[in-house]
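Visitor: Given chain A, work out where chain B should sit, using these hints.
If you read the protein sequences in the order shown, they are chains A and B. For the first sequence, our numbering begins at 53 and goes up steadily by one. For the second sequence, our numbering begins at 53 and goes up steadily by one.
The hints are simulated quantities; they were obtained by calculation from the structure and are not laboratory data. Certain hints may be false.
Heads up, the list lumps identical chains together, so a pair's fine if it works in one copy or across two of them.
Once the Cα atoms are required to be at most 30 Å apart in a straight line, the calculated BS3-like pairs of lysine-lysine come out as [to be verified]: (1) K188 - K130; (2) K331 - K441; (3) K399 - K222; (4) K192 - K376; (5) K305 - K138; (6) K271 - K368; (7) K305 - K169.
2 protein chains.
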Amino acid sequence: MIDVAEAEKIILSNTFTPNIIEIPLELSIDRVLQEDVFTDTDFPPFDRIMMDGIAINFDEYENGRREFKVAGIQAAGKPQQTLIDKTECLEAMTGAILPNGTDTIIQYELLEFNDEKTVARINDEDIERGRNIHNKGTDKKAGDLLIKKGVIVSAAELAVMASVGKTSVKVSQHPRVAVISTGDELVEIDQEPLPHQIRRSNIYAIQAELNKLGLKCSKHHLNDEKDELEKSILKILEDHEVLILSGGVSMGKFDFVPEVLDTCGVKKLFHKIKQKPGKPFWFGVRDQKNVAFAFPGNPVSTFMCFHRYFKPWLMKSMEIAEVKKYYAVLNDSIDFKAPLTYFLQVKTHFDQNANLCAQPIVGRGSGDHANLLEADGFLEIPGGSEAIKKGQVFRYFPFRN
Amino acid sequence: MIDVAEAEKIILSNTFTPNIIEIPLELSIDRVLQEDVFTDTDFPPFDRIMMDGIAINFDEYENGRREFKVAGIQAAGKPQQTLIDKTECLEAMTGAILPNGTDTIIQYELLEFNDEKTVARINDEDIERGRNIHNKGTDKKAGDLLIKKGVIVSAAELAVMASVGKTSVKVSQHPRVAVISTGDELVEIDQEPLPHQIRRSNIYAIQAELNKLGLKCSKHHLNDEKDELEKSILKILEDHEVLILSGGVSMGKFDFVPEVLDTCGVKKLFHKIKQKPGKPFWFGVRDQKNVAFAFPGNPVSTFMCFHRYFKPWLMKSMEIAEVKKYYAVLNDSIDFKAPLTYFLQVKTHFDQNANLCAQPIVGRGSGDHANLLEADGFLEIPGGSEAIKKGQVFRYFPFRN
Chain A
53 MIDVAEAEKI ILSNTFTPNI IEIPLELSID RVLQEDVFTD TDFPPFDRIM
103 MDGIAINFDE YENGRREFKV AGIQAAGKPQ QTLIDKTECL EAMTGAILPN
153 GTDTIIQYEL LEFNDEKTVA RINDEDIERG RNIHNKGTDK KAGDLLIKKG
203 VIVSAAELAV MASVGKTSVK VSQHPRVAVI STGDELVEID QEPLPHQIRR
253 SNIYAIQAEL NKLGLKCSKH HLNDEKDELE KSILKILEDH EVLILSGGVS
303 MGKFDFVPEV LDTCGVKKLF HKIKQKPGKP FWFGVRDQKN VAFAFPGNPV
353 STFMCFHRYF KPWLMKSMEI AEVKKYYAVL NDSIDFKAPL TYFLQVKTHF
403 DQNANLCAQP IVGRGSGDHA NLLEADGFLE IPGGSEAIKK GQVFRYFPFR
453 N
Chain B
53 MIDVAEAEKI ILSNTFTPNI IEIPLELSID RVLQEDVFTD TDFPPFDRIM
103 MDGIAINFDE YENGRREFKV AGIQAAGKPQ QTLIDKTECL EAMTGAILPN
153 GTDTIIQYEL LEFNDEKTVA RINDEDIERG RNIHNKGTDK KAGDLLIKKG
203 VIVSAAELAV MASVGKTSVK VSQHPRVAVI STGDELVEID QEPLPHQIRR
253 SNIYAIQAEL NKLGLKCSKH HLNDEKDELE KSILKILEDH EVLILSGGVS
303 MGKFDFVPEV LDTCGVKKLF HKIKQKPGKP FWFGVRDQKN VAFAFPGNPV
353 STFMCFHRYF KPWLMKSMEI AEVKKYYAVL NDSIDFKAPL TYFLQVKTHF
403 DQNANLCAQP IVGRGSGDHA NLLEADGFLE IPGGSEAIKK GQVFRYFPFR
453 N
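Isolated chain A, as found in the complex (with noise of 0.2 Å):
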């Protein structure tokens, strides 16, 4: 049995490498950028007016003059207009283009006009020359780097590719993933289960954790037969990249998942893990073209081992560059000895010190779904600690927004 580090270690270094695909920008919200972004132009293309009120040539304000007939006004969207007499001044909107021969704005709270508009008066005497105006590629220049690949498109960085108009951009493509649960006491979920059955949930627990992280699965169930098992999983191992299973790893005389998939080309690279919930874990790839996470059926565990094992192998795949680790303080002791990784449920607030702090669930050990409503993620806590005491800081694995 291998411990948790080593089961990590094993599964990220087989990763799945994406095609890039080309999608329409809308559509790129959460995707992983397969491309460098570059401006197109500078950024501000223009000298772009930052407020409201009037523009004039600072020459004529250093010598003295306060009152500016207008000639005329700048708006925004407008071609660049002249101030051609240099005691006059423009009216000036922004977001609108500086126009020539004038280098400084005055916004209208500094400024007093006649009662016919006319003349503007300005009633500071600090204005210095320049001011209210982002000048022509001050942020950026044309050609620059605006966003490296390999960063999770967010609404920023949506909205800076429309700016420099992208309008569709290079992305990871998601792997094809099957979901399959095996279990003879499971019914669907509109059937009335008999006495000794239940209804599943595990797909739909697996399904819903994919469709937030933007994927589409197939899904499947499979009854506890070896020749409907195997004939199954190599017809879906046809047309899917991963194939993430819940239930048939453990060992039962029924439980054929293990024997199926390495009779459908499926190499074991473990089986099995020192940790609590989620030891029968078992994983395998086929032709480095196909991973197969074969979880436990327990929903606790298949739950547990999608988060800490499934998403890290997802992220990588998808060659994400950065990813955020999360960590938490511990607010009550626990007691938990076994030379196992233990997975806590916890439920997680900010105190005011800014500090994450994690309450412990105490579930019913049941494994069933229910158990995971009151928690909002888990604490990995290492095998073998001493005691588990409150304030110890343990990292923490999210499963809600």
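Guide: Just chain B now, with coordinates in the frame of chain A:
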């Protein structure tokens, strides 16, 4: 001019009352639950076997028996069997119903079998009665409340609802949102801007943020022309509950948005907040049917106002029971003394003490989206602070995952 707290109070007093709609379970991820969810049966619904092994009658073990002839097998998903001869055992699989006449499961790890696998020997003297059984109804009784309305559906809720047979779920209906940019200097993404023009980006940023929240929107660009604005806004008000505008709310000669909204029957509740950026933000309502968030056109202002005001408004409107508040520690002193609340862009990370630390991003103050590329959120720094020192804690508003 009002302050941030007053503005927030006014906005949160003018929420939208959502319709309740019923949607398929599989689409309910991230939606707000509008019904309580109860168990339809005990949890677990039968005495469930938790480990693979053999099912025995504990009296026999207590009386000294260690070898049990295997009389059959109780598989998961198969009807309950009966152990007739108490000196024998049944092999028993995880997830199966406990066979009649047995009360204890001994896992394979503690067993040894003869070569023919017909007799199991227990190699453990510490077995207790009832081991490895998850008894019917231990977690929940039929009819118990599982999930309260007001919860955001995460994968855990979705899975629990699957397990109680909810194929469809009542959730808050999203408001219909129109995103409107104004400003004659703006051209479409696929156009080559003239020397005094720039491409639109605000509506794409807002659309992306709305999409991340699960909302769709319609996008509009309106020219700075009063009659056209009025006609278009009246039309948009007919089939949208929410208008998010950017631009046209400042002191410019073509800033018609407040006046036009008023003409359209949208009553101003405030105009201008003591904050930077985003001072000229205008907010109004029409007949308790529409709300209009008219943000300043500066991209950073629009972005900050969306996160600081629109998102909390939406959360409250959707009737979410509990919203997480974030706090972060400032990593560097900064120079800001104006009597305005300052939204400081920062990049955060967790240190090894589980403290969320915020590094100020020194922008060029230009208000371009490019300034947001390095940041992952902003701190809200109250106005009139003496000095803003490293180590101080402020509320943090994240804008990346």
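Visitor: Which numbered conditions among the earlier hints are violated in the structure presented, ordered from lowest to highest?
Guide: The structure breaks none of the hints.
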